[in-house]
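K.L.:
Sequence:
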Amino acid sequence: MNTPAGVAANYLNTGVYKVRLHFWKMLLLAIMAGAFIALAGVGASTASCLVEGPSAAKLVSACVFPGGLAMVVLAGAELFTGNSLLVIPLLSRKVRFSGVLRSWAVVYLGNLIGALAVAALAVYSHQLGQFSGALAASAMSTAAAKCSLTFGDAFLRGMACNFLVCIAVWITMSATSVIGKVSGLYFPILLFVVSGFEHSVANMYYIPVALFAKGVPAYVQAAAAAGVDVSGLTWGAFLGGNLLPVTLGNLAGGLLVGTVYWYCYLKDKKDQERREAPQKA
224 MNTPAGVAAN YLNTGVYKVR LHFWKMLLLA IMAGAFIALA GVGASTASCL
274 VEGPSAAKLV SACVFPGGLA MVVLAGAELF TGNSLLVIPL LSRKVRFSGV
324 LRSWAVVYLG NLIGALAVAA LAVYSHQLGQ FSGALAASAM STAAAKCSLT
374 FGDAFLRGMA CNFLVCIAVW ITMSATSVIG KVSGLYFPIL LFVVSGFEHS
424 VANMYYIPVA LFAKGVPAYV QAAAAAGVDV SGLTWGAFLG GNLLPVTLGN
474 LAGGLLVGTV YWYCYLKDKK DQERREAPQK A
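To convert, note that position 246 of the sequence shown is 469 in the numbering used here; the numbers rise steadily by one, no gaps.
These aren't lab readings, by the way, just hints derived from the structure by calculation. One or more of the hints may lead you astray.
Pairs of lysine-lysine residues, derived as DSS-like cross-links and limited to a Cα-Cα distance of at most 27 Å, are as follows [what the hints assert, rightly or not]:
id, residue 1, residue 2
1, K490, K317
2, K490, K281
3, K248, K317
A quick note: this is a predicted structure, and the numbers were derived from the prediction, not measured.
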């Protein structure tokens with residue numbers, strides 16, 4: 224198992240590698256990550272759809288969703304929220320700010336493409352038609368609730384979410400086995416889902432899948448029968464009312480984690496070298 228100081232030191236090299244990835248490799252790996260997170264959303268939504276009681280439904284969803292980050296970590300992919308930790312090599316002057324911005328932009332775009340592809344697949348394969356349309360109604364209800372958040376609420380929930388996501392990523396880097404990585408990331412991700420915090424890449428699935436579903440009359444009828452108001456569910460509400468503040472909040476949460484660990488373990492180069500030196504028995 225790697226120590227926290229060792230994880231911080233190792234992430235310097237990891238961050239440099241991420242920033243220097245070729246454009247197409249970076250984009251393709253980001254598309255994969257977006258698809259992984261979206262597929263976790265599909266599974267979580269389906270598993271919790273008919274569960275009675277909002278707390279119980281959230282818990283079921285939270286138990287399933289960590290599979291998305293597990294796929295990102297173990298299969299290898301580029302996730303925007305986790306990559307906010309690139310502040311670590313940036314503060315250590317191992318990479319340029321322009322390189323970090325390029326990485327964030329490309330990965331964000333790729334995540335969006337992957338998530339939208341899965342959202343379209345869920346709608347047009349009629350996966351949402353399960354349970355006599357109840358799954359479609361549930362998806363629209365979830366998306367409508369997300370779009371109704373105030374800018375401040377969405378920002379703060381995004382910040383709390385990515386604080387936990389980056390802690391999960393940090394724990395996976397300390398583990399050396401598959402079981403260790405999966406068990407390490409599981410509970411921080413479960414906590415953010417069950418708490419109702421907001422993840423920008425997950426929302427690239429959760430809200431567009433409902434927007435696509437609005438184009439299918441049977442799904443709209445199911446939502447209406449369930450008493451779901453979809454009048455506020457628009458692309459503008461998604462992009463400006465949810466995705467923008469959640470993305471900014473995710474960045475803030477990730478930058479907070481990265482900056483704290485950089486300050487504690489890497490700010491003083493001599494201290495870093497002392498920590499990495501072999502310890503005498």
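K.L.:
A separate judgement is required for each hint: does it hold in the structure or not?
P.N.:
Each hint tested on the structure:
Restraint check: the Cα-Cα separation between K490 and K317 comes to about 13 Å, which is no more than 27 Å; the hinted pair holds. Of the supplied pair hints, the one linking K490 and K281 is violated, its CA atoms being roughly 40 Å apart against a limit of 27 Å. The straight-line distance between the Cα atoms of K248 and K317 is roughly 21 Å, inside the 27 Å bound, and the hint therefore holds.
Of the numbered hints given earlier, the model fails hint 2 alone.
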